[in-house]
Structures are given as structure tokens and as C-alpha cells.
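**Q** Next come the chains, spelled out residue by residue.
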Amino acid sequence: MNSLSIKKLSVAFQKGTPSEKKVLDEVNLELEKDDFVCILGSNGTGKSTLLKAILGLVPYTGSISLNEKPIDNEKPYKRARKIGVVYQDPLTGTSPNLTVGENLLLASRKKSFLNKKANRAFLNKAKEDLSSYGLGIEERMRTPTGLLSGGMRQVLTLYMASTFDSELLLLDEHTAALDPNAATKVMDITENILVQKKHIPTLMVTHNLDFALRYGNRLIVLNKGKIVLDVKNEEKKSLTREALLESYGAILSDKTLLRE
Amino acid sequence: MVLNAITLGFIFALLGFGIFISFKILNFTDLTAEASFTCGAAISVIITQLGFPILAIFLGALGGAFAGAITALLHTKLKIEKVLSGILTLTAFYTVNLLITDFKPNINLPKSAIGIFPTENPWLCLAIAASITVVVGLLIVFFFKTKPGMAVRATGDNEAMVSTLGLNTDNYKIIGLALSNAVVAASGALFMQYERYYDSTFGTGMMVVGVVTIIIGGAFVHKRHYTSLMLTGITFGSIAYRFLYMGVLYFTNRPQYMKLISAVAIVIFILISYIPLPKREAKKKEAKA
Chain A
1 MNSLSIKKLS
11 VAFQKGTPSE
21 KKVLDEVNLE
31 LEKDDFVCIL
41 GSNGTGKSTL
51 LKAILGLVPY
61 TGSISLNEKP
71 IDNEKPYKRA
81 RKIGVVYQDP
91 LTGTSPNLTV
101 GENLLLASRK
111 KSFLNKKANR
121 AFLNKAKEDL
131 SSYGLGIEER
141 MRTPTGLLSG
151 GMRQVLTLYM
161 ASTFDSELLL
171 LDEHTAALDP
181 NAATKVMDIT
191 ENILVQKKHI
201 PTLMVTHNLD
211 FALRYGNRLI
221 VLNKGKIVLD
231 VKNEEKKSLT
241 REALLESYGA
251 ILSDKTLLRE
Chain B
1 MVLNAITLGF
11 IFALLGFGIF
21 ISFKILNFTD
31 LTAEASFTCG
41 AAISVIITQL
51 GFPILAIFLG
61 ALGGAFAGAI
71 TALLHTKLKI
81 EKVLSGILTL
91 TAFYTVNLLI
101 TDFKPNINLP
111 KSAIGIFPTE
121 NPWLCLAIAA
131 SITVVVGLLI
141 VFFFKTKPGM
151 AVRATGDNEA
161 MVSTLGLNTD
171 NYKIIGLALS
181 NAVVAASGAL
191 FMQYERYYDS
201 TFGTGMMVVG
211 VVTIIIGGAF
221 VHKRHYTSLM
231 LTGITFGSIA
241 YRFLYMGVLY
251 FTNRPQYMKL
261 ISAVAIVIFI
271 LISYIPLPKR
281 EAKKKEAKA
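Just so you know, the sequences run in chain order A and B.
Numbering-wise (the working numbering), the first sequence opens with residue 1 and increments by one.
Numbering-wise (the working numbering), the second sequence opens with residue 1 and increments by one.
Treat the hints as calculated values from the structure; they're not laboratory data.
Heads up, none of these hints are tricks.
Within a straight-line C-alpha distance of at most 27 Å, the following computed DSSO-like cross-link-like pairs (lysine-lysine) qualify:
1. A:K82 x A:K185
2. B:K77 x A:K75
3. B:K147 x A:K82
4. A:K232 x A:K197
Build out the structure end to end from the sequences listed, making use of the hints.
**A** What follows is the structure, encoded as C-alpha cells:
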């Protein structure tokens with residue numbers, strides 16, 4: 001069964017004008033339940049646009065369905081109930097003036113108006129989970145998130161995005177704004193969470209070749225709005241950095257792209 | 001006279017609460033407050049004359065909530081700028097308020113009409129005003145601890161985050177502005193009943209009064225993310241502002257000076273808020289470390 005199925009997805013900016021630019025060109029993509037996909041590609045090849053289209057933030061043609069249900073007609077905030085997303089900027093994922101606990105409660109997506117007992121039970125569970133990541137977030141539940149470090153905020157956002165009945169997780173360069181140590185730590189936690197949650201299908205955009213090789217079970221390279229490389233499991237494991245660089249490098253040296 | 005100032009301070013604290021909700025919590029420069037203050041007073045003067053002073057305040061608040069919701073709808077559904085949608089409602093409500101009072105620009109509450117303030121007993125007036133302010137304040141603090149309340153706060157804080165969580169920010173803006181203007185209108189309704197007089201220009205300049213109140217109040221609060229502390233600060237700020245007003249009247253006998261002094265007061269209190277934490281708290285921090 002396919003969790004996410006994208007058929008003939010096209011996105012064009014300035015449609016109908018002479019300067020029309022196709023960002024995604026009839027992309028087909030099928031994701032299985034335990035897929036952890038790394039998406040590589042140079043800037044402007046439509047990686048982020050692909051995620052935005054899935055979230056319904058840009059107009060597109062084609063169809064997207066999640067767990068066999070088409071979501072094309074759903075508004076962005078309704079899609080967001082099923083899709084967790086973490087962006088590059090640590091500031092976007094959490095609300096800086098709300099405490100860590102309040103952020104988590106907001107993300108819990110339960111409709112309880114004010115159920116202290118349920119809320120406390122929920123926060124205890126979250127504390128337990130967060131303490132297993134060893135960043136010390138669990139001791140700062142009453143601190144406003146604005147005072148946390150970037151890495152902590154990304155982990156918190158990741159936890160919020162993946163924990164609550166998400167059917168799909170989108171990561172848009174979520175480690176790009178962090179130092180190398182914190183980035184590796186966050187990536188380990190990402191993998192950890194995905195294992196714990198019995199695998200939510202995940203799309204991760206990254207520019208870090210090492211991360212792309214090390215994590216995930218599938219790797220996709222985008223170029224000019226088309227998927228040019230799609231390797232899985234064993235094939236991905238046997239993929240070497242050199243081979244990847246070569247295919248990546250071929251794209252980079254493509255003069256037409258540089259001109260654009 | 002002092003009692004009068006404190007009572008007015010409590011009544012205008014509600015105005016400060018409302019403007020605090022829209023300006024600080026929801027991060028929405030909402031100019032509707034001037035209209036909803038008058039609207040609350042207008043509804044209040046009509047209903048009080050009919051003999052229902054308490055209902056008058058609730059209906060007044062409802063009128064304010066309606067005004068706030070219209071501003072929010074203009075902004076969210078039609079994508080009109082925040083300030084402009086506030087101005088549109090403000091302009092429209094100038095007429096609406098006149099319609100409510102049947103085109104009378106000012107009304108004296110007749111002696112026969114009973115308000116909630118027994119004007120012959122200033123202490124009781126103060127007690128009533130203070131308890132209403134405290135109750136409303138507690139309700140606001142409670143609301144912002146509930147799920148929808150937290151969502152309103154987060155909407156003012158980081159709108160993108162709220163929509164990634166699958167919540168519709170439009171709804172929370174409407175809730176927030178409706179609440180803010182309801183509180184402002186309640187303030188107007190109470191003010192009318194206390195003064196036993198209605199004027200269609202009541203609302204003019206109320207925005208500045210509210211902002212001064214917040215700035216004076218905020219100057220003494222260091223942990224500004226606590227709604228409860230801020231509301232307490234605003235209450236004191238509001239009373240302080242009334243004393244300032246009283247002082248100006250006493251020494252100059254010219255209320256016209258008030259505008260200049262308000263502006264100077266804002267600057268002074270902003271300066272105060274830059275003063276670092278008192279030593280006591282610094283010591284506490286040392287003790288912790």
C-alpha cells in the first residue's frame with residue numbers, strides 16, 4: 001500500500017505569461033509506509049516547491065493522495081493536521097512567547113478545552129520522550145521557547161510534528177541552520193523518532209551529501225523539476241559518495257541550469 | 001476625589017486589558033477599540049434607561065465583540081490591511097453608534113434610571129469597579145491558559161507555526177479581536193454608568209489612553225510573558241494614569257495639558273522599563289547558580 005502517492009504533479013510560476021517557469025514537471029512519486037526519503041538537488045530545482053505543493057501552499061496541477069485519500073481539495077490548515085513539517089529556520093516551528101509545555105499542548109491536536117488531568121498525563125509522556133534525547137529540554141518545560149537554543153527548538157518542532165497522528169513527515173533542510181555537531185545530533189534524533197513511531201513516511205530535503213548517504217532508505221535527486229535519480233534500500237547502500245557526486249556534479253555543471 | 005480617580009482607574013483598566021489583548025498578545029494594531037468603547041457606552045445608556053443596568057454591560061460587551069469580529073473578518077477574509085480594516089470599522093461604527101442612540105449625540109442618564117454604581121456611596125462604587133476588573137482579569141488569564149487561548153497567543157506570536165499545527169489562524173484572530181473589543185466595550189459601558197452621561201465622542205483618544213496604561217503598567221513588570229502579571233501591572237498603570245490626570249487638573253485646571261503630559265509620561269515610563277532588574281532578583285539568580 002502506498003502512503004503518499006503523487007501523480008503528474010506540475011507547478012508553474014507566472015502561469016500563462018511569456019516568462020512562465022516550470023518548477024515541477026509531471027513528477028510521479030509513490031511512498032511506502034516505511035520510506036525515509038532524502039531529496040537532493042541544486043537550488044531552484046523544485047525540492048521545496050514539492051513540499052509546498054504537498055502542503056497545499058502553492059497552486060499545482062496533478063493529484064496528491066495520502067493513504068489512498070485525495071487531498072487536493074483540502075485547505076492548507078486541514079492538510080497540516082495530517083502532515084507534520086519542520087522548516088530550516090528554528091524560529092518558524094515554535095511560538096517563542098509560549099512555554100515548552102504550552103507549545104506541546106497546542107501541538108497535541110486534542111480538542112480538550114481545559115482538561116488538567118489529561119494535559120498533565122500528556123506532558124509527562126512528552127517529558128519522558130524528550131528526556132531520551134538527552135538535550136535537557138525536559139527540565140525546561142516552563143521556559144518560553146524563545147530562550148531555547150536552535151537545536152533544542154528544532155528537536156522540539158520535530159517532536160511536535162511527528163508525534164501526533166501524523167501520516168506524513170516533511171523535513172525541509174531542518175538541520176541547515178545548526179552547527180555540525182547539533183546537526184548530527186538532530187539527525188540521529190530524527191531517525192530515532194521515526195523508528196519509535198513505527199515509521200511515518202518521511203520526505204527530507206537536504207544539501208548535505210553525507211546525511212543523504214547515511215540516513216534513510218531511499219534517495220531522490222531532482223533536476224529541473226524532474227526526478228533524475230531514485231535509488232532504494234540495497235541500491236542506496238551501495239551508492240558511494242563519488243558516484244553521487246558524479247551524478248550531482250553532472251547536474252551542477254549543466255550550463256543551462258547555471259544560466260537560469 | 002482620590003476615590004474617584006481609583007474607581008476610574010479600575011474602569012479604564014478594562015480598556016487597557018482589551019488593548020493589551022489586541023496589541024500585545026495578538027500583535028494586531030487594532031484601531032476598532034475607539035469605536036467599541038463608544039458602542040459599549042451607547043448600548044449601555046439605552047438599556048440602562050430601560051431598567052437593566054447589568055444586562056446593559058453584557059450587551060455593550062457583545063456590541064464591542066461584534067465590532068471586533070467585523071475588523072477581524074475584513075482582515076482575514078478580504079485580506080485588508082490590519083490598520084485599514086480597523087479604520088473602516090471605526091468609521092462605520094460612528095454611524096452605527098448614532099443609530100443606537102437614535103441620533104442623539106449625548107444623553108444624560110435620568111435620575112430615575114438605576115445604574116450599577118450607587119453614586120452616593122463612593123466606597124461601594126470603588127468596590128464594584130474593583131471586583132469587576134478583578135473578575136474580568138481572572139477570566140482573561142484563565143482563557144489564555146485554555147487551548148483556544150493558547151492558540152490565540154501563538155497566532156500573535158508565530159502565525160506560521162499555528163497553521164502548521166493544523167489550526168485555522170483566521171478563527172483565532174476573530175476570537176482574539178472579539179474578546180479584546182468586548183472588554184473595551186465593557187469598559188465604555190461601565191464608564192457611562194459611572195458618569196451617568198453618554199457622549200458620542202467618548203471613544204476618541206481612548207487608544208492612546210490604553211497604550212499609556214499598558215506602557216506604565218509594563219514598566220514595572222519584568223516577566224512580561226506572564227499574562228497575569230501584565231494585567232496586574234496594567235491595573236496599576238491605569239490607576240497611576242488617573243492620578244496623573246487628577247494632578248494635572250489640580251495644578252493647572254486645564255485638562256488640555258493632559259495630551260502633552262501623556263506623551264511625556266510614555267517616554268518616561270519607557271525609560272523606566274530599560275532600568276535593569278532590581279538587585280533583589282539578581283541576588284536570587286546568584287543564589288540559584
